[in-house]
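Here the protein sequences come in this chain order: A and B. Residue numbers for the first sequence follow our numbering, beginning at 43 and rising by one. Residue numbers for the second sequence follow our numbering, beginning at 3 and rising by one.
A portion of the hints provided could be inaccurate.
[To be verified] To give a feel for the contact side, a few chain A residues facing chain B, derived at Cβ under 8 Å: (1) Asn97; (2) Leu98; (3) Asp100; (4) Val173; (5) Leu174; (6) Gly191; (7) Met195; (8) Asn353; (9) Val361; (10) Ala370; (11) Lys371.
Honestly, the hints are just simulated from the structure, not real lab data. Glycine included, each C-beta is placed from N, C-alpha and C at the ideal position.
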Amino acid sequence: MRSFAPPSPLAAPRKRAAPRLLWPALALGLILVVDGIISPHFFSIRIVEGRLFGNLIDIVYRATPIAMVALGMAVVIGTKGIDLSVGSIIAIAGATLDWRIHSGDPHAVALLAALGVGLACGLWNGLLVAVLEIQPIIATLILMVSGRGIGLMINLIYGANPSFESALLQGLSTGHVGWIPTRILVGLGLGLALWGLTRLTAFGLFLEAVGANPRAAQLAGVEARGIKLAAYLVCGFMAASAGVILTADTHTSDPVSVGLYIELDAILAVVIGGGSLNGGRVYLAGAVLGAVVIQALTTSILTSGLPPEYNLVVKAAVVLVVLLLQSAKVRTAAVGVFRKGRR
Amino acid sequence: MRQTWAPLAATITVFLALFGAGGGLYNHFLSTLVLGNILGDNAFLIVAAIGANFVILSGGIDLSIGSMIGFVGVVMAKLDGFGWHPLASAVLMLVFGAGFGGLQGLLIDFCEIQPFIVTLAGLFLLRGLCFMVSLDSAPLRHPFVSDFAGWAVTLPGEGFLASSALTMFAALVVAMLIAHRTSFGADVYAIGGDRASAALMGVPMRRTIVKIYALGGLYSALAGVIYALYTSSGYPLAGSGAELSAIAAVVLGGTLLTGGVGLVVGSLFGGMILGLIATLINFNGSLNGAWIMISSGVLLFAFIVMQRVLVGSLTARAAH
Numbered sequence: 043m044r045s046f047a048p049p050s051p052l053a054a055p056r057k058r059a060a061p062r063l064l065w066p067a068l069a070l071g072l073i074l075v076v077d078g079i080i081s082p083h084f085f086s087i088r089i090v091e092g093r094l095f096g097n098l099i100d101i102v103y104r105a106t107p108i109a110m111v112a113l114g115m116a117v118v119i120g121t122k123g124i125d126l127s128v129g130s131i132i133a134i135a136g137a138t139l140d141w142r143i144h145s146g147d148p149h150a151v152a153l154l155a156a157l158g159v160g161l162a163c164g165l166w167n168g169l170l171v172a173v174l175e176i177q178p179i180i181a182t183l184i185l186m187v188s189g190r191g192i193g194l195m196i197n198l199i200y201g202a203n204p205s206f207e208s209a210l211l212q213g214l215s216t217g218h219v220g221w222i223p224t225r226i227l228v229g230l231g232l233g234l235a236l237w238g239l240t241r242l243t244a245f246g247l248f249l250e251a252v253g254a255n256p257r258a259a260q261l262a263g264v265e266a267r268g269i270k271l272a273a274y275l276v277c278g279f280m281a282a283s284a285g286v287i288l289t290a291d292t293h294t295s296d297p298v299s300v301g302l303y304i305e306l307d308a309i310l311a312v313v314i315g316g317g318s319l320n321g322g323r324v325y326l327a328g329a330v331l332g333a334v335v336i337q338a339l340t341t342s343i344l345t346s347g348l349p350p351e352y353n354l355v356v357k358a359a360v361v362l363v364v365l366l367l368q369s370a371k372v373r374t375a376a377v378g379v380f381r382k383g384r385r
Numbered sequence: 003m004r005q006t007w008a009p010l011a012a013t014i015t016v017f018l019a020l021f022g023a024g025g026g027l028y029n030h031f032l033s034t035l036v037l038g039n040i041l042g043d044n045a046f047l048i049v050a051a052i053g054a055n056f057v058i059l060s061g062g063i064d065l066s067i068g069s070m071i072g073f074v075g076v077v078m079a080k081l082d083g084f085g086w087h088p089l090a091s092a093v094l095m096l097v098f099g100a101g102f103g104g105l106q107g108l109l110i111d112f113c114e115i116q117p118f119i120v121t122l123a124g125l126f127l128l129r130g131l132c133f134m135v136s137l138d139s140a141p142l143r144h145p146f147v148s149d150f151a152g153w154a155v156t157l158p159g160e161g162f163l164a165s166s167a168l169t170m171f172a173a174l175v176v177a178m179l180i181a182h183r184t185s186f187g188a189d190v191y192a193i194g195g196d197r198a199s200a201a202l203m204g205v206p207m208r209r210t211i212v213k214i215y216a217l218g219g220l221y222s223a224l225a226g227v228i229y230a231l232y233t234s235s236g237y238p239l240a241g242s243g244a245e246l247s248a249i250a251a252v253v254l255g256g257t258l259l260t261g262g263v264g265l266v267v268g269s270l271f272g273g274m275i276l277g278l279i280a281t282l283i284n285f286n287g288s289l290n291g292a293w294i295m296i297s298s299g300v301l302l303f304a305f306i307v308m309q310r311v312l313v314g315s316l317t318a319r320a321a322h
């Protein structure tokens with residue numbers, strides 16, 4: 043029976059958590075060391091116009107929307123699902139934001155409307171997966187295919203002007219509180235809330251139970267459908283939050299290209315952070331660290347002066363190295379060699 | 003077998019129903035011309051879906067398909083510029099595809115990394131290589147390319163099967179023989195059905211996994227060759243997102259993403275359904291970009307739900 047128990051952190055000894063985060067942290071360290079060698083000023087952080095400024099801050103700043111999406115993705119992947127539609131949800135949330143602002147809503151209400159639309163998208167995905175029992179990759183493909191069209195349609199019908207001005211929303215996205223960029227605080231707040239939801243309530247345990255073995259979870263009295271539905275709701279909400287940040291950043295609704303391919307980065311972030319696509323595990327901190335690793339890589343390639351057409355090749359190579367570092371089999375072999383050496 | 007045939011029967015029924023509905027909506031829709039065009043235009047996608055079917059039947063997934071199609075195209079265009087015969091560069095790319103796929107399989111099995119992630123790295127790598135080979139679209143100028151496009155078999159009515167569709171049918175027959183008439187095919191189903199049992203029964207795991215992904219790579223490279231010859235050009239962004247269309251075609255064709263259940267021929271009908279969706283939208287003609295995206299999603303949803311309902315009633319009737 044042991045092997046069927048969900049590998050929940052509640053049951054696992056605490057020290058297991060350290061090595062899991064060690065590998066992505068090591069990858070991040072390696073990327074930064076290479077950056078340090080290439081450009082000695084890479085790590086300088088100074089205060090410009092009352093806010094922190096520098097490559098390291100920039101990496102975290104740009105990683106925030108990816109991390110938000112990756113957090114929601116981690117929850118969905120924990121239930122053995124996947125959500126390909128996050129980029130489309132970002133587009134729809136951005137278009138909704140623009141539409142509500144131009145129709146005269148207070149900006150806080152427009153923000154809530156965008157988040158609500160994200161929840162509605164999550165509900166749609168959740169119903170397809172949990173109630174109609176369509177395989178998640180196909181169920182979320184439907185919204186992925188049509189979502190950017192829905193965003194464009196909202197722009198066409200309601201938003202005569204795709205750009206907007208909003209002190210509140212731009213403050214959330216590009217402003218700063220004290221020295222710290224606001225969006226980092228927003229991301230931290232959402233991450234902590236999600237951490238509380240999954241670690242201080244039974245929700246996290248149920249998520250991992252449903253992901254590890256849905257039938258056993260159902261027999262044990264976990265309402266598997268409801269849990270799956272909730273996971274897609276969370277993912278839709280997180281994607282919409284990222285959509286608000288990204289859209290307010292450019293103060294323009296651009297459904298065609300906003301958050302393009304972010305689903306791939308988010309899934310990659312979850313896996314780099316130690317998550318398994320086979321479900322049964324939700325590692326939120328790992329997902330955030332994974333997002334930072336991906337952004338650090340992107341920023342490094344851009345600042346290193348390589349021609350942009352090399353971006354994807356370098357990215358693929360680094361991703362492979364990180365995965366090899368992380369591979370349990372490669373790691374066990376390495377540990378075996380190390381132990382032999384000590385004897 | 004009931005579990006295998008019911009989704010396929012449902013898919014074919016839904017395809018015929020929508021084809022008929024298209025005939026009701028538009029003049030000249032119900033013709034061999036439209037059918038032949040669907041097959042010819044989507045031959046590359048169906049070939050990619052056949053390869054993806056093997057991978058999915060084994061319980062894996064291959065996301066590198068679209069990038070492979072793009073990469074094959076730009077390399078063939080580059081070699082065309084050096085005066086290579088398209089067939090020679092096609093053979094080279096097929097070997098490359100099989101090798102690249104096999105390497106992915108080796109990484110998946112040897113390092114125990116999830117297929118989704120290994121092939122995602124493959125997607126990035128091949129798309130990056132596309133940009134390194136060429137940033138612009140380049141034409142294939144060799145006379146063989148236009149000769150190839152000219153070959154066709156006429157169908158009763160005004161329709162014809164283009165050379166791309168004929169290549170696709172040949173690839174389909176080979177794939178069906180591999181899947182249903184060889185021990186390798188049986189191993190694919192065994193691994194997808196229950197990995198642990200397959201290993202205990204003596205299925206050579208590593209060799210089979212490497213072969214499965216090599217076959218997937220070979221078929222996506224063939225899809226790239228067909229696409230390059232059909233469009234007579236190589237474009238570094240060609241095939242973006244084709245992996246998801248291929249996976250959708252496989253699933254619409256009745257193969258379960260969990261592996262072990264499905265038929266290779268399902269890819270043909272799954273791909274034809276995606277082609278039919280695009281054709282219906284084209285026949286309307288008045289749709290703008292936004293509506294095209296939305297209606298593709300709506301039609302995909304309709305197909306999935308209809309298929310699900312039909313499979314439900316078919317299996318329920320068979321159970322009585």
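Hint by hint, here is what the structure shows:
The closest approach between the C-beta of A:Asn97 and any C-beta of chain B is roughly 23 Å, which is over the 8 Å cut-off, so the hint fails. With a least beta-carbon distance of about 24 Å to chain B, the hint placing A:Leu98 at the interface is violated under the 8 Å criterion. Because the closest C-beta pair between A:Asp100 and chain B is about 22 Å apart, greater than 8 Å, the hint is violated. Contact between A:Val173 and chain B, as hinted, is not supported at the beta carbon level, the nearest pair being about 11 Å apart and thus beyond 8 Å.
At a threshold of 8 Å, the smallest CB-CB gap from A:Leu174 to chain B is about 7 Å, leaving the interface hint in force. For A:Gly191, the interface hint holds, since its Cβ comes within 8 Å of a Cβ in chain B; the closest pair sits about 3 Å apart. At a threshold of 8 Å, the smallest CB-CB gap from A:Met195 to chain B is about 5 Å, leaving the interface hint in force. At its closest, the beta carbon of A:Asn353 sits 7 Å from a beta carbon of chain B; the interface hint therefore holds under the 8 Å criterion.
Below 8 Å, beta-carbon pairs count as interface contacts, and A:Val361 has one with chain B at about 5 Å; its hint therefore holds. For the restraint placing A:Ala370 at the interface with chain B, the shortest Cβ-Cβ distance is roughly 6 Å, inside the 8 Å limit, so the hint holds. A cut of 8 Å between beta carbons decides the hint on A:Lys371: the least distance to chain B is about 5 Å, and the hint holds.
Against the hints set out earlier in the document, violations occur for numbers 1, 2, 3, 4.
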